[in-house]
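Let's have the full structure, built from the sequences with the hints guiding it.
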Amino acid sequence: MTLSDDRSRLGSPAVTELPEDVTIATEEGRRLAEQLADNRRHARKLLEVRNLSTQFFTRDGVVHAVDDVSFEVDYGETLGLVGESGCGKSVTALSLTRLVPNPPGKIVSGEIILDGINLLKLSSEEMRLLRGKKIGFIFQDPMTSLNPTLTIGYQIAESARMHLRLSRKDADERAVELLSKVGIPRSRDRMRDYPHQFSGGMRQRVMIAIALACDPMLLLADEPTTALDVTIQAQILELIRSLSEEFGTAVILITHDLGIAAGMCQRVNVMYAGRIVETGMVDDIFETPQMPYAWGLLDSLPRLDEQKGARLRTIEGLPPDLIDPADECRFSPRCTYARDVCRQKEPQLTDRVGERHAARCWGTEPGGWIQ
Amino acid sequence: MLGYIIRRVLWIIPVLFVVSVITFGLMHSAPGGPWSREKKLPEATVAALNAKYGLDDPIPIQYLKWVGGLLHGDLGPSYKYLDRSVNDIVADGIGTTVQLGIQAFLLSVIIGIPLGVIAALRHNGIPDYLATLVSVLGICTPSFVAAILLLVIFSVWLKWLPTFGWDSPANWILPTVALALFPIAQIARYTRASMLEVTRKDYVRTAHSKGLREGSIVVVHMIRNALIPVVTILGPILAFLITGSFIIEFVFSIPGIGRYYVTSIGQRDYGVIMAMTMIFAVAIAVMNLIVDVLYAYIDPRIRYS
Ligand SMILES: Nc1ncnc2c1ncn2[C@@H]1O[C@H](COP(=O)(O)OP(=O)(O)OP(=O)(O)O)[C@@H](O)[C@H]1O
Ligand code: SF4
Ligand SMILES: [Mg+2]
Chain A
3 MTLSDDRSRL
13 GSPAVTELPE
23 DVTIATEEGR
33 RLAEQLADNR
43 RHARKLLEVR
53 NLSTQFFTRD
63 GVVHAVDDVS
73 FEVDYGETLG
83 LVGESGCGKS
93 VTALSLTRLV
103 PNPPGKIVSG
113 EIILDGINLL
123 KLSSEEMRLL
133 RGKKIGFIFQ
143 DPMTSLNPTL
153 TIGYQIAESA
163 RMHLRLSRKD
173 ADERAVELLS
183 KVGIPRSRDR
193 MRDYPHQFSG
203 GMRQRVMIAI
213 ALACDPMLLL
223 ADEPTTALDV
233 TIQAQILELI
243 RSLSEEFGTA
253 VILITHDLGI
263 AAGMCQRVNV
273 MYAGRIVETG
283 MVDDIFETPQ
293 MPYAWGLLDS
303 LPRLDEQKGA
313 RLRTIEGLPP
323 DLIDPADECR
333 FSPRCTYARD
343 VCRQKEPQLT
353 DRVGERHAAR
363 CWGTEPGGWI
373 Q
Chain B
493 MLGYIIRRVL
503 WIIPVLFVVS
513 VITFGLMHSA
523 PGGPWSREKK
533 LPEATVAALN
543 AKYGLDDPIP
553 IQYLKWVGGL
563 LHGDLGPSYK
573 YLDRSVNDIV
583 ADGIGTTVQL
593 GIQAFLLSVI
603 IGIPLGVIAA
613 LRHNGIPDYL
623 ATLVSVLGIC
633 TPSFVAAILL
643 LVIFSVWLKW
653 LPTFGWDSPA
663 NWILPTVALA
673 LFPIAQIARY
683 TRASMLEVTR
693 KDYVRTAHSK
703 GLREGSIVVV
713 HMIRNALIPV
723 VTILGPILAF
733 LITGSFIIEF
743 VFSIPGIGRY
753 YVTSIGQRDY
763 GVIMAMTMIF
773 AVAIAVMNLI
783 VDVLYAYIDP
793 RIRYS
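Those protein sequence lines, which keep their order, are chains A and B.
Numbered per my numbering, the first sequence finishes at 373, counting up by one with no gaps.
Numbered per my numbering, the second sequence finishes at 797, counting up by one with no gaps.
Treat the hints as calculated values from the structure; they're not laboratory data.
Remember, it's a predicted structure, so these values are computed and weren't measured experimentally.
Just so you know, not all the hints are guaranteed correct.
In silico lysine-lysine, BS3-like type, Cα no more than 30 Å apart, as pairs [unchecked claim]:
(1) B/K544 <-> A/K108
(2) B/K531 <-> B/K544
(3) A/K123 <-> A/K108
(4) A/K171 <-> A/K183
(5) A/K171 <-> A/K47
(6) A/K123 <-> B/K693
(7) A/K183 <-> A/K47
(8) B/K693 <-> A/K183
(9) B/K532 <-> B/K557
Here you go:
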C-alpha cells in the first residue's frame, strides 16, 4: 500500500474508480483493490471509533481521560464534540491521530477505523503518512500553534511537499492558492511573512490552510475559535463550514459552546468526564435533550428571550476526578434529579426517541422518573 | 537594523570611557610602581625613568596623554620590556590568541549543540546521562585544572601530543580542548533544556499533526527555536574564551597576548595591563554586538529599530 497521491484537486473532489492508496501491480492486487473499493462504496462511515479508552499514567494515579467511547462520522459530515473543560474532548481528538503525549498518555484499548483502515494497527510510520494527508488538525490557540521562525508559506507548503510529493515551486503555488481560499488578501506577497506579522484571526486562517493543504477526508478542529474575538469567531466558523462543504471534508468540531455546535453541526456528541453521555441530531438534542447535563449546557447558553446582560446560568459544582471513577452516574454529584440507583450503577448509553439519538441516564430510560 | 547597529557602536564609546577611567584609576592607586624590583633601583634612575615616561605629570594629564595615544593607535610603553612598545607585543601575539579563541569557540558550538540536542531527544536515556555527566564535569572543572590534567594524560603519560608551544597543529589540540571544555558544557546544558522546552510547544504538536518526518521536525521545527535562548549565552561565552585564554596560554606557553597579560600583572607592567584591558573591553563589546545581530537573524520576531 502506498499513501502517495498526486491528485491536485483543490476545489474539485475527484471521483476515482479505485481507492488511490492501493498499488495495482498484480492481478491479485487488482482484485484486492476492487474489493476494497466495493467495501467502501457500501461502508457508510468515514470514521468508526469503538470502545476507545485513553489514559494518563500520572503520579497520582491513572487518569481515565477518554473512557470507552464509541462514535461514528459519516463522509462529509460535521460532528460536534461538546462538553465542559477537562471532559476529554482534546484527548479524544489527539487519540484519533495517535498524538496523545506518551508518556504519560496511552491509548489502552479500542479501535479507530478511518476509511476502512484500522489506525491502531498501523506502524508509527504508516500512521505518520496519514497525518496531515487524511486527517487535518486545527488547534485552539493560533498564537502558539504556528512555528515563529518559519514563514507561513513554508509551513503550508511543507505538508504538500511531503504528502503530495510536490516540487517546492508547485507546493508554493498550492500554498498561495490555499491562502487566498482561506481569505488572506495579497496571498502571494504574504507567503514570506512570519506568524507574528498576522493577527489571531489571520493566523487561524493560516492554520486552516495548513490543515487543508493535502485535502484531508477528516478535519479535527479543536476549539478553533475559543481564543478569538466574537466577531472573528463567526468568520472563522463560516470559513470552516464553507471550505468543508466545498472540499467534502468531514469535520469533528470540538467546542464547549453548544450554540456553536448547533450552528455548525448535523450531529453532536455531548461528553462528560471521559464518557459520551448523549448523542444525536442537533435538533433532537436541542428540542428533547435526554440527560440533565445536556439541559445544563443548554441552560447556560445565552437566550434571545432573556434580557440583555442577564447572567448566564452555569451548572453548579465541578466535574469529578477522572482517577478511578466509581460505578455510578458520573454526573450524579451535580444532578438535581439524582436518585439512589444513579449512585449504585452507571447507566449505559441507550437509544432514545429520534434518529441516532442515545443518552446515558437512568432518569430518562423507559419507565424513568424524568419526563 | 543598520540604525540599530550604528547606535550600538556609538554606545561602545561611553562604555570604553568608563572602562578606561576605572583601569587607569586602579593601576594608579595600586601600591608599588612599575619600577618596584626585588633589588631597589637607585633614586636617580627611578627619577630619570619617571621623567622619560611622563610619570611625574599630574594624574589627569597622564590619563589624557594615555587616552590620546590610544585614540591614535598608540597603546603605550611596556615598563618591563623597555625596548618594546605594547603595540609590538600585541602585534606579535594577537593572531595566536584570536586563533585559539576561534578554534575553541567553534569546537564548543560544534560539540555543545549536538550534545544538548541528543541529550534532549534521548531524554532520561543513557546518552542524556552521559551528556549530563560531561556537562557537570565541564562546568565544575576550572580550565587550568582541565589544562593540567589534559597535559599530564595526553602529553606526559601517553606522549601523543606535545606539551607546549604553538608551532604545529598538534600543539593546538590540547589548549583548544582545555579552553572549550567549559563552553561545551554550558552550551550543551542550555541546548538540552531549551530543546526539552521546545518539545512541549504547540507548534511542535502542529508539526506532528502534519505528518512530517521525525528528523525534519527536529531539524526544521525544533533546533532553530531551541537555539534562540542559547544564542544569548554566546556573548558571555565569548567573554569567557577571551579571559580564559590568559590562563591556557600561560599553562601551555603559547605566544599569545594573554600570556603577557598574566605575566605583566605579576610584574606590575602597568602599560601592558591597561592597554590589554582596553583591547579586551573592545573585543567583548564588539562580540556582544555580533551576538545580538545573530539573535535577530535567528528569531524573526526580533527587529531592532
Ligand atoms: N498530559 C496530560 N497528563 C495528565 N493528564 C492529562 C494530560 N492531558 C490531559 N489530561 C487529562 O485528561 C482529561 C481530559 O483533558 P482534555 O484536554 O481532553 O480536556 P478538554 O475536554 O479538551 O478540555 P478543554 O475544554 O479545557 O480543552 C483532563 O482531566 C486532564 O486532566
Ligand atoms: S443517571 Fe441519574 S444522576 Fe445521572 S444524569 Fe441521569 S438522573 Fe442525573
Ligand atoms: Mg481541549
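Hint check results:
{"no.": "1", "hint": "B/K544 <-> A/K108", "verdict": "83 Å, violated"}
{"no.": "2", "hint": "B/K531 <-> B/K544", "verdict": "21 Å, holds"}
{"no.": "3", "hint": "A/K123 <-> A/K108", "verdict": "14 Å, holds"}
{"no.": "4", "hint": "A/K171 <-> A/K183", "verdict": "18 Å, holds"}
{"no.": "5", "hint": "A/K171 <-> A/K47", "verdict": "36 Å, violated"}
{"no.": "6", "hint": "A/K123 <-> B/K693", "verdict": "28 Å, holds"}
{"no.": "7", "hint": "A/K183 <-> A/K47", "verdict": "28 Å, holds"}
{"no.": "8", "hint": "B/K693 <-> A/K183", "verdict": "28 Å, holds"}
{"no.": "9", "hint": "B/K532 <-> B/K557", "verdict": "28 Å, holds"}
Hint check: violations occur at hints 1 and 5; the rest are consistent with the structure.
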